[in-house]
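> Each chain, written out:
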Amino acid sequence: MTSEASDDLPGDVPSRRTGVQWPMLIGLTAVWVLLWGGLTVTNVLSGLVVAVIVTLVFPLPPIVFGGKLRVRGLVVLIGWFVVELFVASAQVVAQALRPGKQPLNAVIEVDLRSHSDLYLTLTAELLSLVPGSLVVEARRSTSTLFLHVLGVRDADDVEVARRRALRQEERVMLALASDEELAAYRADVEASR
Amino acid sequence: MTVVIWVCAAMLSVAAVLVLTRMAVGPTMLNRVVAMDVLIAIVVAGLGLEAALNRHATTLPILVVLSLVGFVGSVSVARFAAHDDKGEGS
Amino acid sequence: MTWFDVVSAVCLLAGCVLSLVAAIGLIRFPDLLSRMHAGTKPQVLGLLLILVGVGLRLRDWSEVGMLLAVAMFQLMTAPVAAHMVGRAAYRRGAVRRDTLLVDELTPALEAESGSGDQSGRE
Numbered sequence: 001m002t003s004e005a006s007d008d009l010p011g012d013v014p015s016r017r018t019g020v021q022w023p024m025l026i027g028l029t030a031v032w033v034l035l036w037g038g039l040t041v042t043n044v045l046s047g048l049v050v051a052v053i054v055t056l057v058f059p060l061p062p063i064v065f066g067g068k069l070r071v072r073g074l075v076v077l078i079g080w081f082v083v084e085l086f087v088a089s090a091q092v093v094a095q096a097l098r099p100g101k102q103p104l105n106a107v108i109e110v111d112l113r114s115h116s117d118l119y120l121t122l123t124a125e126l127l128s129l130v131p132g133s134l135v136v137e138a139r140r141s142t143s144t145l146f147l148h149v150l151g152v153r154d155a156d157d158v159e160v161a162r163r164r165a166l167r168q169e170e171r172v173m174l175a176l177a178s179d180e181e182l183a184a185y186r187a188d189v190e191a192s193r
Numbered sequence: 001m002t003v004v005i006w007v008c009a010a011m012l013s014v015a016a017v018l019v020l021t022r023m024a025v026g027p028t029m030l031n032r033v034v035a036m037d038v039l040i041a042i043v044v045a046g047l048g049l050e051a052a053l054n055r056h057a058t059t060l061p062i063l064v065v066l067s068l069v070g071f072v073g074s075v076s077v078a079r080f081a082a083h084d085d086k087g088e089g090s
Numbered sequence: 001m002t003w004f005d006v007v008s009a010v011c012l013l014a015g016c017v018l019s020l021v022a023a024i025g026l027i028r029f030p031d032l033l034s035r036m037h038a039g040t041k042p043q044v045l046g047l048l049l050i051l052v053g054v055g056l057r058l059r060d061w062s063e064v065g066m067l068l069a070v071a072m073f074q075l076m077t078a079p080v081a082a083h084m085v086g087r088a089a090y091r092r093g094a095v096r097r098d099t100l101l102v103d104e105l106t107p108a109l110e111a112e113s114g115s116g117d118q119s120g121r122e
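Protein chains in written order, with our numbering: chain D, 1 to 193; chain E, 1 to 90; chain A, 1 to 122.
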């Protein structure tokens, strides 16, 4: 795994972090309490023990998060996600039920403008969750996603899908990125226009 | 409510039969994995329906387990399919 | 029969319709990647609708917590599984080229295989 990863991003794969990470512990404990379905002292304590063991046995690479949470951006992100979920589901339903020959698909390359593992991952996750687009390949080094898009008729549809992916990224950035990251992102967008 | 639930159950049964057909036909392992994922979604839906009909929550932990088991299953098959070169994989 | 029950029934019905259509898509779509698109529907929107329906029917906070956990797990894991399967399919050549209008990944992979072995793994 490491040799392949180093090929992708020469010498720049961060080492797995060790030690205690409070956000992770709290998150895992919250899941544990949800699973047991009750907020009691025993649940919280046993959850904390399990969380410590899990984080010690399976350390993860660090995620660099230097941004800030914007409530308005987050609401827009989630709202649009729900809208897209319904619209895209309806489109796939229509295509599954339409009689006759199926339309073509496409595999497109989308160059994201941000250069952060976190935003790349989030954008890819959101794009995969919406039916009709599927991430078949992702590159960390260049922040490139390869999407499989269902039901394209012509080159215009391909461009529509590409723009949809880029707008998804923009919404992620507007919800989470810091001011500097956002400025760099905007400059990149202007430059590529 | 009961009528709605029965209509839902009928739809799920038809869906399950279709998915099982795809799983039997294949033609490849990865196709079967996709079919299995959908079948798990259908089973979750069925358990949810039953919980909604009888207004009890005893089956909810099974939903949690199913949603995780399905993930582990498809990821491991995908990984083997990616590495096994001449086998039945693709 | 309260308003909660009506909304719950609508959600359950919609979720089941999505599952049925997904199964039809699974049978009808010509290749693996298209079938995966069909599969995403009951796994995401269909499941969420069913969970909302069940939650509205039960109306009990500790149970709603568990439903929330199911939804969260599903939303976090479904894209990862779909990506793994899709990636394996593409790399094994299980994609039918005649269903593709545009293919921008094959040239990229070929350009890469000249310079080194597989990459892009995260």
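Possibly wrong hints are sitting among the right ones.
Claimed, not checked - According to the in silico footprint, chain A covers these stretches of chain E (three or more CB under 8 angstroms from chain A):
1) 19-30
2) 38-51
As the list claims (entries may be wrong) - Label pairs and their computed distance ranges (CB to CB):
3) A:L68 x D:F58: 20 to 28 angstroms
4) E:A24 x D:T42: 41 to 49 angstroms
5) E:V14 x D:R186: 49 to 57 angstroms
Claimed, not checked - Under 7 angstroms between C-beta atoms, here's a sample of chain A residues computed to sit facing chain D:
6) I27
7) V102
8) P107
Worth flagging that the hints you see were computed from the coordinates, not collected in a lab. Positions of the beta carbon are idealized from the N, C-alpha and C atoms, including for glycine.
> Could you run down the list of hints and mark each one as holding or not?
We went through each hint and held it up to the structure:
A count of 5 residues in the region 19-30 of chain E with a Cβ less than 8 angstroms from any Cβ of chain A is obtained; the coverage claim is therefore met, three being the minimum. Using a Cβ-Cβ cut-off of 8 angstroms, 8 residues of the region 38-51 of chain E lie near chain A, which meets the minimum of three, so the contact claim holds. Distance hint for L68 of chain A and F58 of chain D: a CB-CB separation of about 24 angstroms, consistent with the stated range 20 to 28 angstroms. The supplied range of 41 to 49 angstroms is met by A24 of chain E and T42 of chain D, whose beta-carbon atoms lie about 47 angstroms from each other.
Separated by about 51 angstroms at the C-beta atoms, V14 of chain E and R186 of chain D satisfy the suggested range of 49 to 57 angstroms. With a least beta-carbon distance of about 9 angstroms to chain D, the hint placing I27 of chain A at the interface is violated under the 7 angstroms criterion. Annotation: V102 of chain A was flagged as interfacial toward chain D, and the flag holds, the nearest CB pair being 4 angstroms apart, inside 7 angstroms. Hint on P107 of chain A is violated. Least Cβ distance to chain D is approximately 9 angstroms, over the 7 angstroms limit.
Hints 6 and 8 from the list above are not met by this structure, while the remaining hints are.
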